[in-house]
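Colleague: With chain B fixed as given, assemble chain Y onto it according to the hints.
Below are the chains, spelled out letter by letter.
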Amino acid sequence: MKVSRNAAVSALLLLPAAVLLIAFTFYPTVATLIDSLHSTPRGRRPATFVGLENFETMIADPIFRRAMVNNMLYALVTIPVSMGLALAMALLVNARIAGRGFVRLAYFTPTILPMIAVANIWMFFYAPDYGLIDQFLRPFGLGGNNWLGSPGTALWALIVITIWKMAGFFMIFYLAALQQIPPTLLEAAALEGASYWQRLRRVVLPLLMPTTLFISVNAVIEAFRLVDHVIALTRGGPNNSTQLLLHYIYQVAFNFWDTAYAAALSVALLAILALIALVQFGVLDKRIHYR
Amino acid sequence: MKQGRSERVVVTAIAWALGLLWVLPLLYAIWTATHPPQYLARLDLFAPLTLENFVRVWNAAPFDRYFVNTFMLIAFVVICQFVICTLAAYAFAVFPFRGSEALFMLVLIQMMVMPEVLLVRNYATISRMGLLDTIPAIALPYLASAFGIFLFRQAFKSVPKELDEAARMEGAGPLQVLWRVYVPLARPTYLAYGLVMVAYHWNNFLWPLVVTNSASTRPVTVGLQVFSTVEQGIDWPTVTAATLLSVAPLLVAFLIFQRQFVQSFMRAGIR
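Chains B and Y supply the protein sequences, listed in that same order.
Residue 1 is where the first sequence starts when you use the working numbering, and the numbers rise one by one after that.
Residue 1 is where the second sequence starts when you use the working numbering, and the numbers rise one by one after that.
Source of the hints: derived by calculation from the structure; they are not laboratory data.
Mixed in with the good hints there might be a few duds.
[Stated by the list, open to error] Beta-carbon label-pair distances, calculated as ranges: (1) B:L76 x Y:A17: 24 to 30 Å; (2) B:Q180 x Y:G130: 48 to 54 Å; (3) B:Q180 x Y:L191: 15 to 21 Å; (4) Y:L251 x B:E187: 36 to 42 Å; (5) B:G193 x Y:L251: 15 to 21 Å; (6) B:N146 x Y:Y200: 29 to 35 Å; (7) Y:L251 x B:G99: 16 to 22 Å; (8) B:Q135 x Y:N59: 26 to 32 Å; (9) B:L33 x Y:L251: 40 to 46 Å; (10) Y:A248 x B:A7: 45 to 51 Å; (11) Y:E170 x B:G99: 50 to 56 Å.
[What the hints assert, rightly or not] Derived, one-sided and incomplete: chain Y residues facing chain B with beta-carbon distance under 10 Å: (12) I79; (13) C85; (14) K157; (15) A199.
Note that this is a predicted model, so its numbers are computed, not measured.
Ideal Cβ positions, reconstructed from N, Cα and C, are used throughout, including at glycine.
Bound-form chain B, shown alone (with noise of 0.2 Å):
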């Protein structure tokens, strides 16, 4: 009886959320399955099933694959170096240093930014002769590099970006778990004579596992969820160096209107997404656990 009243009280409470979830989550998901075998309707001509045409073009598809590959080192180089730099950020403001209030705000400042104006900041860096960096090398005899228009280094420059903005973020994680550990327990390991580095690997980092999971998780979706700084920097170039898979998805959709390729881009990118949740939850959890 007491089941049945939860069931209905929580009908009426979940309403709300289950209509939006259903509107602009779970039903595009499905059609934008159903529209991935279909062709894209242009005018008059509805659109007709034409089974995995779509992604047999999207595998023979060079623009693909080069934004996958991209996306894919974009991920393997953001993703480690920043969580790194944000374990390090951490530990340093853990520590107890002078003015750590200050550095803690200016590490984490780049967080509060919205991308597109990281982006504006970061192209006056790159210019060819009069930015920034280009300045800061003259003197060496390195000078005249075009970071974002060759397509060499454009793709390293979105990386360093990606770094700056989400290092801080990451790091506030890290923080919040390290003032979790109990002192008593880094002491008891201090009067065995453990040094600060055995105290790390041994104590700490073990300690952290599960926010490391938390923040991987985080910064993977990032990965594939971001890519203001590609349409405010290069729109995917020069010559596709700087394209990433989402951002393939934005053009082909709203410059070219192939909604039905689209379509088979995101079901692409959603089976990454559905792939990396699968090895995240299943694989790491237990290695946390187990250790």
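Modeller: Just chain Y now, kept in the frame of chain B:
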């Protein structure tokens, strides 16, 4: 952890060096925006300060309108999220039924599949609803936030059962119990979630870019982008002034409420 004196000096030096490196880009942007163009690449301590760049930017694009749009967007998003996520979290935390755990897992999918990922389909939905180029269009996909439901559910679960029961004994209905017992006790969680969402939606760009196309609805991030590409070539002092102007309210609020901001982000992360 105990440290020797020399170790502490080294640690402090590293921390400060990294800190300076991290604020340098922002400080340099402030320098560029507050000086005439000829001091662009010349760091001269006695260069004349000017606010002219900001005045020029303010007159060149409807930034006042953009700010109003952003404020309205954020107010709308945060208020709706509080209500919708509170009700859903209350159901999951206090009125469990068969299958509610599975349903909760289904909700969490939205943390991975964020509205941006589905932007093509969501654009079609908004378009069919006739809401293109309106502020609710920017807000709608974010209102049932899985993150919010998750955080509030955690907070409600830590409320002592006795308080809930005491309120019921006095004859309070489910909504009264929620309003008098659960919400007040979860206040720090509301503050934390609210601040994180303010920062998130102030910064959000791609979705607003897609669903807006006029100055009367654009939030400030989209306005900034339109401004710095179309009208200005590469007039750096103007671009940086516009950039700083667009983040100034958020940045000032952050500097004033620094402690709350940082603690809110921490709190949102621990759960």
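Colleague: Compare the structure with each hint and give your call.
Modeller: Evaluated hints:
For the hinted restraint 24 to 30 Å between L76 of chain B and A17 of chain Y, the CB-CB distance of approximately 27 Å keeps it satisfied. Roughly 49 Å separates the CB atoms of Q180 of chain B and G130 of chain Y, a value that falls within the hinted 48 to 54 Å. In this structure, Q180 of chain B and L191 of chain Y meet the distance hint of 15 to 21 Å, their C-beta atoms being roughly 20 Å apart. Judged by the Cβ atoms, the range 36 to 42 Å given for L251 of chain Y and E187 of chain B holds: they are separated by roughly 40 Å.
G193 of chain B and L251 of chain Y have their C-beta atoms about 47 Å apart, which leaves the hinted 15 to 21 Å range violated. Range check, N146 of chain B to Y200 of chain Y: Cβ separation about 33 Å, and the 29 to 35 Å hint holds. One distance hint, 16 to 22 Å for the beta-carbon pair L251 of chain Y and G99 of chain B, holds here, with the actual separation near 20 Å. Against the hinted window of 26 to 32 Å, the Cβ-Cβ separation of Q135 of chain B and N59 of chain Y comes to about 31 Å, which satisfies the hint.
Taken as a hint, the range 40 to 46 Å holds for the pair L33 of chain B and L251 of chain Y, whose Cβ atoms sit roughly 42 Å apart. At about 50 Å, the beta-carbon gap between A248 of chain Y and A7 of chain B stays in the expected band of 45 to 51 Å. Checked against the hint of 50 to 56 Å, the pair E170 of chain Y and G99 of chain B passes, with Cβ atoms roughly 52 Å apart. The beta carbon of I79 of chain Y is not positioned within 10 Å of any beta carbon in chain B (closest approach about 13 Å), and the interface hint is therefore violated.
With a least beta-carbon distance of about 7 Å to chain B, the hint placing C85 of chain Y at the interface is held under the 10 Å criterion. Interface restraint check for K157 of chain Y: the shortest CB-CB distance to chain B comes to about 15 Å, outside 10 Å, so the restraint is violated. Against a cut-off of 10 Å between C-beta atoms, the interface hint on A199 of chain Y holds, since the closest Cβ of chain B lies about 6 Å away.
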